[in-house]
Every structure is written in structure tokens, then in C-alpha cells.
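Novice: Respectively, the protein sequence lines represent chains A and B. Heads up: the first sequence begins at 4 in this note's numbering, then just goes up one per residue. Heads up: the second sequence begins at 2 in this note's numbering, then just goes up one per residue.
In short, the hints are calculated from the structure, not lab data. Keep in mind it's a predicted model, so treat the numbers as computed, not measured. The beta carbon of each residue, even a glycine, is placed where N, CA and C say it ideally should be. It is possible that some hints are incorrect.
[As the list claims (entries may be wrong)] Facing chain A, according to a computed beta carbon distance under 8 Å, are these residues of chain B, among others:
#1 Q43
#2 G44
#3 L45
#4 L47
#5 L52
#6 F91
#7 K102
#8 I103
#9 F105
#10 G106
#11 K107
#12 G108
[What the hints assert, rightly or not] If you anchor each label on the Cβ, the simulated ranges turn out as follows:
#13 A/R66 / B/L57: 40 to 50 Å
#14 B/E17 / A/G19: 50 to 60 Å
#15 A/K16 / B/T56: 43 to 53 Å
#16 A/I15 / B/L57: 40 to 50 Å
#17 A/E98 / B/N42: 22 to 32 Å
#18 B/K70 / A/D104: 16 to 26 Å
#19 B/S27 / A/E56: 23 to 33 Å
Read off the chains here:
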Amino acid sequence: DAGVTQSPTHLIKTRGQQVTLRCSPISGHKSVSWYQQVLGQGPQFIFQYYEKEERGRGNFPDRFSARQFPNYSSELNVNALLLGDSALYLCASSEGTVLTDTQYFGPGTRLTVL
Amino acid sequence: AQSVTQLDSQVPVFEEAPVELRCNYSSSVSVYLFWYVQYPNQGLQLLLKYLSGSTLVKGINGFEAEFNKSQTSFHLRKPSVHISDTAEYFCAVSSSNRDDKIIFGKGTRLHILP
Numbered sequence: 004d005a006g007v008t009q010s011p012t013h014l015i016k017t018r019g020q021q022v023t024l025r026c027s028p029i030s031g032h033k034s035v036s037w038y039q040q041v042l043g044q045g046p047q048f049i050f051q052y053y054e055k056e057e058r059g060r061g062n063f064p065d066r067f068s069a070r071q072f073p074n075y076s077s078e079l080n081v082n083a084l085l086l087g088d089s090a091l092y093l094c095a096s097s098e099g100t101v102l103t104d105t106q107y108f109g110p111g112t113r114l115t116v117l
Numbered sequence: 002a003q004s005v006t007q008l009d010s011q012v013p014v015f016e017e018a019p020v021e022l023r024c025n026y027s028s029s030v031s032v033y034l035f036w037y038v039q040y041p042n043q044g045l046q047l048l049l050k051y052l053s054g055s056t057l058v059k060g061i062n063g064f065e066a067e068f069n070k071s072q073t074s075f076h077l078r079k080p081s082v083h084i085s086d087t088a089e090y091f092c093a094v095s096s097s098n099r100d101d102k103i104i105f106g107k108g109t110r111l112h113i114l115p
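Build out the structure end to end from the sequences listed, making use of the hints.
Specialist: Written as C-alpha cells, this is what we have:
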């Protein structure tokens, strides 16, 4: 079975641009969560979607948005990029809610903002 | 709100020696606790989790952790480490109050010395 996949693997953008990151969950998983991992830090929760509805949102500005599609894949959008948005963006999927089900992480998308 | 503190940013250990990675948490409600491992250039992988029941939790790759409510700790242990255990280890906490956010610590880098 394929694991969680994310695209692209690497991305370079300039300040002020917009970016879209994509995630495909493990087949049968209905929950997708997004995390930001800045170098030297632990992952920070951005969003969780379950059954196409937003179930949780972390302390990120409105420049960050996400959605989940009927096939449970997900996109994370970041507008008006800042240098501080440079990070590894991780997607995780699980069968149900985060609390009781194991989350499976993808390899991440490395975003560099110049 | 929950928080988690990993007391050591780096831990050097000789191969085949025991290791303990420390994690303390704070929360005003019941918690779920997790340890994740991130191997170089890979996504996060769940090592073990505590949801309820026995305070000693066994995980993959010979790791175990003990939930200590009075000391608000969830330290990770392994009796004998191998070079393949070189990785970053993250402790994480989530509230049991239908709050779907997981809060990660800053991570502990485990260096295995030959």
C-alpha cells in the first residue's frame, strides 16, 4: 500500500507569492492534518480536516488556508509569502480523529522563500 | 492549553548502552501522549502512544515509555541502542477534551557513538 504522498518535494518562492501544497492520504483514511516544521523545531499544527470538514485550526494567520476534496486528498495554500514561512510542511493522514488513531506522515514539502 | 518540554536538545549515547529521553508536559485536563521518531530525510513515524490504561507503554524498535501523572512526565527509554536509532525524537501531547490539536516538543537528537 502506498503511504502518504506529498507534492512537490521542494519549492522555491519569493516573498509575496502564493503557494499550493498537495497531499494524498493513505487509501481509506478520511482525516488529513497539516503541520509546519521550522528547522530545529518540532512540527506545529496548522489544520485538520475530517470528512471534508475543518476539525481543528492552529495559531496561524489567515494567509494559510486548506481544503479537502471528495477523494480525501488535501491542499494547503499560503498567500503573501514571508521569509518566515520557509519550512518543511508535513501532511499526516489517519482513519479517524487524531486522538485515537495513528497518524501517518508524508515525507514533507520543503518550502524556501527568498 | 497543553504544552510539552523536551529537556535535552541532544543526547549522545554509546552503542549498546541504555538511553532515556525526557519529556514533561503540562495540561489542565486529561491528556494523550505520543513519541514520534524522524529519521534523516524522512517523515515522522509513531513510536508509541499512551491513551489510557497501563502506564508502561511498549512501542516499536524496542522503545518503551512510562506515563507518570504525578510528575507530568512521559520519558522514553531503550535498554540497548543501535546505530540505526540515530534520529530526532519528538514528544507530543493532545487533550482528551475533543481538542484535535497535537502539540509537539522541540525534539531531542539522539547521537549513537561507536
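Novice: Now look at each hint and say whether the structure bears it out.
Specialist: Hints, one by one, checked against the model:
| no. | hint | verdict |
| --- | --- | --- |
| 1 | Q43 | holds (6 Å) |
| 2 | G44 | holds (4 Å) |
| 3 | L45 | holds (4 Å) |
| 4 | L47 | holds (5 Å) |
| 5 | L52 | holds (6 Å) |
| 6 | F91 | holds (5 Å) |
| 7 | K102 | holds (5 Å) |
| 8 | I103 | holds (6 Å) |
| 9 | F105 | holds (3 Å) |
| 10 | G106 | holds (5 Å) |
| 11 | K107 | holds (5 Å) |
| 12 | G108 | holds (5 Å) |
| 13 | A/R66 / B/L57: 40 to 50 Å | holds (44 Å) |
| 14 | B/E17 / A/G19: 50 to 60 Å | holds (53 Å) |
| 15 | A/K16 / B/T56: 43 to 53 Å | holds (46 Å) |
| 16 | A/I15 / B/L57: 40 to 50 Å | holds (46 Å) |
| 17 | A/E98 / B/N42: 22 to 32 Å | holds (27 Å) |
| 18 | B/K70 / A/D104: 16 to 26 Å | holds (23 Å) |
| 19 | B/S27 / A/E56: 23 to 33 Å | holds (30 Å) |
Violated hints for the displayed structure: none, as all numbered hints are satisfied.
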